[in-house]
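Student: So the chains spell out like this:
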Amino acid sequence: MASNAAAPFWRSAGMTYITYSNLCANLVRNCLKEPYKSEALTREKVHYTISKWADGKPQKPNQMI
Amino acid sequence: MAMAALRREGRRFATPLISPNPANVFRSSLIPSEEPVLSGVRCISTQVVRNRMKSVKNIQKITKAMKMVAASKLRAIQTRAENSRGLWQPFTALLGDTPSIDVKKNVIVTISADKGLCGGINSTSVKISRAMHKLNSGPDKENKYVVLGEKAKAQLVRDSKKDIELVMTELQKNPLNYTQVSVMADDILKNVEFDALRIVYNKFQSVVSFLPTVSTVLSPEVPKLKDLVVHYVSFYSESGGKLGDLDLYEIEGAETKAEVLQNLTEFQFSCMMYNAVLENATSEQGARMSAMDSSSRNAGDMLDRLTLTYNRTRQASITTELIEIISGASALEG
Amino acid sequence: MFRHGSRFLSRASTMRWRRPFSTDLPAEAYKDSNFVEAWRKAIPTVEPPSTPSAFMATRPATPSSIPSKLTVNFVLPYSSELSGKEVDMVIIPATTGQMGVLPGHVATIAELKPGILSIHEGNDVSKYFVSGGFAYVHANSFADIIAVEAVPLDLIDPNLVQKGLTDFTQKLSTASTDVEKAEAQIGVDVHSALNAALTG
Numbered sequence: 001m002a003s004n005a006a007a008p009f010w011r012s013a014g015m016t017y018i019t020y021s022n023l024c025a026n027l028v029r030n031c032l033k034e035p036y037k038s039e040a041l042t043r044e045k046v047h048y049t050i051s052k053w054a055d056g057k058p059q060k061p062n063q064m065i
Numbered sequence: 001m002a003m004a005a006l007r008r009e010g011r012r013f014a015t016p017l018i019s020p021n022p023a024n025v026f027r028s029s030l031i032p033s034e035e036p037v038l039s040g041v042r043c044i045s046t047q048v049v050r051n052r053m054k055s056v057k058n059i060q061k062i063t064k065a066m067k068m069v070a071a072s073k074l075r076a077i078q079t080r081a082e083n084s085r086g087l088w089q090p091f092t093a094l095l096g097d098t099p100s101i102d103v104k105k106n107v108i109v110t111i112s113a114d115k116g117l118c119g120g121i122n123s124t125s126v127k128i129s130r131a132m133h134k135l136n137s138g139p140d141k142e143n144k145y146v147v148l149g150e151k152a153k154a155q156l157v158r159d160s161k162k163d164i165e166l167v168m169t170e171l172q173k174n175p176l177n178y179t180q181v182s183v184m185a186d187d188i189l190k191n192v193e194f195d196a197l198r199i200v201y202n203k204f205q206s207v208v209s210f211l212p213t214v215s216t217v218l219s220p221e222v223p224k225l226k227d228l229v230v231h232y233v234s235f236y237s238e239s240g241g242k243l244g245d246l247d248l249y250e251i252e253g254a255e256t257k258a259e260v261l262q263n264l265t266e267f268q269f270s271c272m273m274y275n276a277v278l279e280n281a282t283s284e285q286g287a288r289m290s291a292m293d294s295s296s297r298n299a300g301d302m303l304d305r306l307t308l309t310y311n312r313t314r315q316a317s318i319t320t321e322l323i324e325i326i327s328g329a330s331a332l333e334g
Numbered sequence: 001m002f003r004h005g006s007r008f009l010s011r012a013s014t015m016r017w018r019r020p021f022s023t024d025l026p027a028e029a030y031k032d033s034n035f036v037e038a039w040r041k042a043i044p045t046v047e048p049p050s051t052p053s054a055f056m057a058t059r060p061a062t063p064s065s066i067p068s069k070l071t072v073n074f075v076l077p078y079s080s081e082l083s084g085k086e087v088d089m090v091i092i093p094a095t096t097g098q099m100g101v102l103p104g105h106v107a108t109i110a111e112l113k114p115g116i117l118s119i120h121e122g123n124d125v126s127k128y129f130v131s132g133g134f135a136y137v138h139a140n141s142f143a144d145i146i147a148v149e150a151v152p153l154d155l156i157d158p159n160l161v162q163k164g165l166t167d168f169t170q171k172l173s174t175a176s177t178d179v180e181k182a183e184a185q186i187g188v189d190v191h192s193a194l195n196a197a198l199t200g
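Chains as they are written, first to last, in the UniProt record's numbering: chain A, 1 to 65; chain B, 1 to 334; chain C, 1 to 200.
Since the hints were made in silico from the structure, they are not lab data.
Errors might be hidden in some of the hints.
[Said to hold, decoys possible] DSSO-like cross-link-like pairs, simulated, lysine-lysine; straight-line CA separation at most 30 Å:
(1) K115/B - K104/B
(2) K134/B - K161/B
(3) K57/A - K127/B
(4) K171/C - K190/B
(5) K161/B - K60/A
(6) K115/B - K61/B
(7) K69/C - K45/A
(8) K52/A - K67/B
[Stated by the list, open to error] Simulated restraints, written as ranges between beta carbons of each label pair:
(9) P58/A - D124/C: 49 to 59 Å
(10) P58/A - S137/B: 18 to 28 Å
(11) R43/A - V106/C: 34 to 44 Å
(12) R43/A - P220/B: 38 to 48 Å
(13) P58/A - R314/B: 55 to 65 Å
(14) R43/A - G122/C: 28 to 38 Å
(15) R40/C - Q63/A: 41 to 51 Å
(16) T169/C - K104/B: 43 to 53 Å
(17) K141/B - D124/C: 30 to 40 Å
(18) K141/B - P58/A: 23 to 33 Å
(19) Q63/A - T199/C: 36 to 46 Å
(20) D124/C - K61/B: 33 to 43 Å
(21) D124/C - R43/A: 41 to 51 Å
C-beta atoms are modelled at their ideal positions from N, C-alpha and C, and glycine is treated no differently.
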């Protein structure tokens, strides 16, 4: 469909395989019946803080929730 | 929270140790000294010893509670770590295990805990990471650190500030899960250039043994990848871990082999990371449990010794008083 | 360790053909002797760390005749659904189409797309919906299937699938940026696969 000859459409949109597979997995989880749905969704919560360092100094940290 | 309380307790009983005179009362119980404790000095205050006993008791309570918490956390996370062990094996079976590969850009992913009081696992991670850095250093080579966890950050900042590329913390606010770790892996892939990623972590063996481990993930662009895999095959097929040359595999999926290989290595990294983070978290809880166990035992021992000193001092003063009363009475009679 | 390494080298050359006939397990875990050696030279004070292959479960070499069963490892991040289970056939949703794997299948690396994975064991067929991942079929009739998420079919809510499908089809038509388009496209793909799995 949207794919070019070389790369799949999601990679041309700047996604990595990890992002792609996580998106797919999350969509599948969203289609589960309750209570499996909320169970699966609470299991997979994302939270961490990331900060890029340059020249030995931390840049502004980012929180991922 | 518990740690702050522990520090507070530590300070509280550290002060009488430094203050000159009354400290002798209990210091003598630990280190034999010439100060006569049992010679019936009447005005020795047993108050100091009693305070000390109280604070040791409190410390013991805290360490016991921390041990309980660590034990229950350990149970939860250990099952998850064991479940995740199936995840990386197919990748190692397919792509091999290549710790000795010599590439230009190395990225060392150091996995540690956010919190301390868990034995030596954080310093082990850092020590191995530094060693990996040294092992792979050389002219026109690049080594960078990606640090997970506050503790490794605090140690690496001291001497390798310049080489730190990314720092990730607060991993364990929610229970660890694949989505979270893979998003982190994604962030690493996007922000760092690498030829080889080396994940350094403590593999959980049992509550008392943690094996420092290095997993290597190669970039799909490494031209040597194929040679290495072949070398690895001739080496490893004997023990039955590796089954064939990567070239012998038919590729189903995208149009080009390079593309599948790229997807594969990305997926491999996130799976390897997931297992590594879980193993390290399990080791952390295990180490904390045994550390807290031994410190509550130590606190118990100390409490025993203090109780002994306390009772002796009390008995000594009672005896002295009795002797005085009796001798006073007999002096009156005589 | 180094001694082991050298023993390994000699064995690799001389015992190549004896291994398939012996029944004993490999005596020691694999260690990359180059790595251990280099490590000892550079950092003599620290013990060399382990590497993943030391913890690998061993796998048998390729047998000369095709075995009657396929050994399947089906793993998810949070559980091992099947581990070393012997089955008759698995059907894998590869990106190029459904792929049936029987014992003796040619060694393959397959990327998975959202679709049905079915495992045939005698007359029993268990079906999972997998969201994506990879499958490797090795020459010794071992198959490793790694999925990010897999659920039994009866746990899927058909109403939610329909709703998702219409939602994402609409999103696809209104999406403006590349990323939005790709996300909507993934949504449509996954939901139509789910739909096909439920109806078909």
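Student: So, for every hint listed, does it hold in this structure?
Tutor: Status of each hint after checking the structure:
1. K115/B - K104/B: violated (33 Å)
2. K134/B - K161/B: holds (15 Å)
3. K57/A - K127/B: holds (22 Å)
4. K171/C - K190/B: holds (27 Å)
5. K161/B - K60/A: holds (16 Å)
6. K115/B - K61/B: At roughly 20 Å apart (the allowed maximum being 30 Å), K61/B and K115/B satisfy the hint.
7. K69/C - K45/A: Violated. K69/C to K45/A sits at ~39 Å, over the 30 Å cutoff.
8. K52/A - K67/B: violated (35 Å)
9. P58/A - D124/C: 49 to 59 Å: Given range 49 to 59 Å: holds, Cβ gap about 56 Å.
10. P58/A - S137/B: 18 to 28 Å: holds (24 Å)
11. R43/A - V106/C: 34 to 44 Å: holds (37 Å)
12. R43/A - P220/B: 38 to 48 Å: For R43/A and P220/B the Cβ distance comes to about 30 Å; the hint is violated.
13. P58/A - R314/B: 55 to 65 Å: holds (56 Å)
14. R43/A - G122/C: 28 to 38 Å: holds (33 Å)
15. R40/C - Q63/A: 41 to 51 Å: Roughly 43 Å apart at Cβ, these two residues keep to the hinted range, so it holds.
16. T169/C - K104/B: 43 to 53 Å: With Cβ atoms ~47 Å apart, the hint holds.
17. K141/B - D124/C: 30 to 40 Å: For K141/B and D124/C the Cβ distance comes to about 55 Å; the hint is violated.
18. K141/B - P58/A: 23 to 33 Å: holds (24 Å)
19. Q63/A - T199/C: 36 to 46 Å: holds (42 Å)
20. D124/C - K61/B: 33 to 43 Å: violated (55 Å)
21. D124/C - R43/A: 41 to 51 Å: With Cβ atoms ~28 Å apart, the hint is violated.
Violation of the numbered hints given earlier is confined to hints 1, 7, 8, 12, 17, 20 and 21; the remaining hints are satisfied by the structure.
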